[in-house]
Amino acid sequence: MGKGREKKVGIISCSGEECVEGTISRVATRLVLGKLRPNETVTICLPLFLAGGREEREFTRDYPTITVDGCDKMCAKIATERYSGKPASSIVVTDILKNWQCPRLSSRRKLNDETLAVTRKVADRIAEEVDEVLRHWV
Amino acid sequence: MNQPTQKKVIVIPCSGIGKAFGSISRDATYEVTEKLRIDTTQTICLALLVSGDEESLQLVRNNKCVTVDGCPLQCAEKNVKLAGGNLVGSLRVIDVYKENRHLKPRSVTFLDPDGQQMALKLAERIAEKVDDLLGGQ
Chain A
1 MGKGREKKVG IISCSGEECV EGTISRVATR LVLGKLRPNE TVTICLPLFL AGGREEREFT
61 RDYPTITVDG CDKMCAKIAT ERYSGKPASS IVVTDILKNW QCPRLSSRRK LNDETLAVTR
121 KVADRIAEEV DEVLRHWV
Chain B
1001 MNQPTQKKVI VIPCSGIGKA FGSISRDATY EVTEKLRIDT TQTICLALLV SGDEESLQLV
1061 RNNKCVTVDG CPLQCAEKNV KLAGGNLVGS LRVIDVYKEN RHLKPRSVTF LDPDGQQMAL
1121 KLAERIAEKV DDLLGGQ
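Heads up: the sequence lines are chains A and B, in that order. Going by the working numbering, the first sequence opens with residue 1, and the numbers climb by one from there. Going by the working numbering, the second sequence opens with residue 1001, and the numbers climb by one from there.
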């Protein structure tokens, strides 16, 4: 999986401008990158990846990825599978929110305290997946 | 996604996740579509468009589009062109920055005050562009 290179996991979040779950996926990804697992993770701009960004596609071919999608259209997961192979793990925010007791979510632009708390839980979940991927690093 | 019943200007930010300018492009787009020109504009997910979603393709082909890019790669502009969209305007965060060099946006996840201020300035510019386009219909 890692081919002996530095241990890094790519987290590919959907861009999700249309719904609050997209914002949750992006912000949760940023929290993992910036706070929870800053040394173990990198991210990739999904539209750049989709448009054929060479470095982005090379990275996703050589390193494990975790996709984080806001909705069931799963742009990040489908694109990763199409251009670089099966992601090590896939998270769909709308799916995991079904299993949690969630407050009414805020607007897509500004997350209120309750939605931010949900976002932090999503970030924790991504971080757990990162740890799992690193545990099985070959 | 809701197809507009009347023609709207589709404002498409770049979706950048790694830098403050990407967040500014998105926030400026929300300011326009949710506050400044709520009845005449709409946004879409760039990634969904690039994935080939038919509804998104029809939307950008049948309405005027303005892209808002955060970095020199200009993913939004390039991808709307590739999708055969009716691209009538391209704005860049860097151009607003050049005119407001005293602003130093740094935070990516949640915009800091300088980033918010730059987003508002960019939003005003997008709104002006929308007015120009609709005035010419």
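One should not assume that every hint holds.
[What the hints assert, rightly or not] With a straight-line cut-off of 27 Å between C-alpha atoms, the simulated DSSO-like cross-links for lysine-lysine are:
(1) A:K110 / A:K35
(2) B:K1035 / B:K1104
(3) B:K1019 / A:K110
(4) B:K1098 / A:K8
(5) A:K110 / A:K121
(6) A:K121 / B:K1019
(7) B:K1104 / B:K1019
(8) B:K1081 / B:K1104
(9) A:K7 / A:K110
(10) B:K1019 / A:K35
(11) B:K1098 / B:K1035
(12) A:K86 / A:K7
(13) B:K1078 / A:K7
(14) A:K110 / B:K1104
(15) A:K110 / A:K98
(16) A:K7 / A:K98
(17) B:K1098 / A:K35
(18) B:K1081 / B:K1019
(19) B:K1007 / B:K1121
(20) B:K1098 / B:K1081
(21) B:K1007 / B:K1019
(22) B:K1081 / B:K1121
(23) A:K110 / B:K1081
(24) B:K1007 / B:K1104
(25) B:K1098 / B:K1007
(26) A:K8 / A:K110
(27) B:K1104 / A:K98
In short, the hints are calculated from the structure, not lab data.
Original post:
Looking back at the numbered hints, which does the structure fail to meet, lowest number first?
Top reply: 4, 8, 9, 13, 16, 17, 21, 23, 24, 25, 26, 27
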